[in-house]
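Colleague: Given chain Z, work out where chain E should sit, using these hints.
Line order of the protein sequences matches chains Z and E.
With our numbering, letter number 152 in the first sequence gets 402, and the count goes up by one each step, no holes.
With our numbering, letter number 270 in the second sequence gets 284, and the count goes up by one each step, no holes.
The hints are simulated quantities; they were obtained by calculation from the structure and are not laboratory data.
Fair warning: there could be bad hints in the mix.
Claimed, not checked - Derived coverage of chain Z by chain E (criterion: at least 3 residues anywhere in the stretch with Cβ under 8 Å from a Cβ of chain E; other residues may be distant): (1) 314–324; (2) 328–339; (3) 344–356; (4) 490–501.
Cβ atoms here follow ideal geometry from the backbone N, Cα and C, with glycine treated the same way.
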Amino acid sequence: MTGFYTLFYKELLRFWKVSLQTILAPILSSLLYLLIFSHVLANRVQVYDGVTYAVFLIPGLVMMTVLQNSFANSSSSLIQSKITGNLVFILLSPLSYLEIFLAYVSASTLRGLIVGSGVYAVALLFYPLPLQSLLWVILFALLGSALLGVLGVIAGIMSDKFDQLAAFQNFIVLPLTFLSGVFYSIHSLPPIWQFLSHLNPFFYMIDGFRYGFFGTSDISPYISMSVVLCCLIVISGWALWMLKSGYKIRS
Amino acid sequence: MTPAIEIQRLGKCYGALVALDNVDLVIQPGEFFALLGPNGAGKTTLISILAGLTRASHGTASVMGYDVLSDYREARKRLGVVPQELVYDPFFTVRETLVIQSGYFGLKQNDVWIDEILHHLDLTEKAHTNVRTLSGGMKRRLLIAQALVHKPPVIILDEPTAGVDVDLRQSLWQFIQQLNLQGHTIVLTTHYLEEAEALCNRVAVLKQGKIIALDSMHNLVHSTRGYTLEFRLSSEELPSGLQAWPGKQEGCLHSLKIKDSSEIETALSILRKSGIQVLDIKLLQPDLESVFMKLMEADSAGGA
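Chain Z with its partners taken away, still in its complex shape (with noise of 0.2 Å):
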């Protein structure tokens, strides 16, 4: 327990050392869209009933607050230390491949709550937020933020270099976090795009998500936590598969 307790630590040490950037910053972006988008699309974008959109955007920003963080958590560290050779201070100890999969994925969801606790806070301020079901919240909050830390330790994992990370960010992350539903109802999109984004696993995680402040969303809670229970067993393996045979670490 103390490799993984250590392991952790280091970690969330890494990122609390530079919250400037890993914390501070990730909560003013959100909050710039929240101020812009919910200017410049309210009253344009139908949402729910009784839902003005500003308030409807605020758990879709929080949510993609959360997912961004969770996943750069992981995916940077791991491929700082790549680059930088330091990893192999970790590949010298005794620690097994779950300890460091859970270390990795404990301090990415850390970073993604505490960021998306920061943006929901600071919305608080501004907009009456509802709050249906906590349960919903904390739960979907959670397993968003354990899957994009898998995600990112898969993308540590397979990036030789800071550009090919980036591509995984800006071709797979951010394109599958806008396309599902952070700042609109699918219900509102034509009958292909519904469908298309019925395919989209960071749907479930945003509706889900929604469902625990209103009590309402696209499709049942029980299904997204289905779907996105299944997606984080899925990459789970996959990465600990990588760890575990020490694919692109352990030559």
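Modeller: Then chain E, alone, in the frame of chain Z:
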């Protein structure tokens, strides 16, 4: 006694390239062992397999009786590795680095030992300095400190003195010798053959993934029989009595191969009789470097 390191028929291929070719090697506890060879001979590959950084293609390796693959946790707890590259984590201070490294090995309270290592490696004053700002020599010492946090019985140093200035090299070696005297098994690779010769009691020479020599330092160095007698003479030409002796000449500097010290007297008396003045005289004993060069040449010739 359980060997400190035991390697059996260890091989590693990268595609068609054979980096290690069926290597067998046993290193006993308490040895100060040198692993020598030219670049690309397989030294780092061998170390990497022991450390778990590289997977062997075939064969087995164990540290203090624990297989490096199937029993990797136990094996790694007993092994400290100083990597060749100057790697560090720029987020942390010297002390944080060592506390974290201790934690990876399951050690929660390690402050007393960390203080001791910092002291021995002359890093106490830098304990709270960010690693990024350390000089190259200090980073090298920190790497050694990191390899020692868990008091491993076996310590492997891959080129520990590369790029380290002379003063520091001396103090590093003193510290490593002290560790050896305390019972730690030391395995090192180095390009400075005189260092290996001064410190190590046994040596393996690797070439193209194979061990081409494995012996005690004494035996290996004395495997080249005889000495070299070097004269600076007043004449470029040797007296006729010495012309048949094996050797070489550069101007007035003559090097003669002799089998034992009795030949010194013979050579001197021939010179005296011929009236040639001896300006300077040196008796060169065989050293590791000459043996090493000979091994490299001999093996190339054999392989051709």
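Colleague: Of the numbered hints stated earlier in the document, which are not met by this structure?
Modeller: Violated hint: only 1; rest satisfied.
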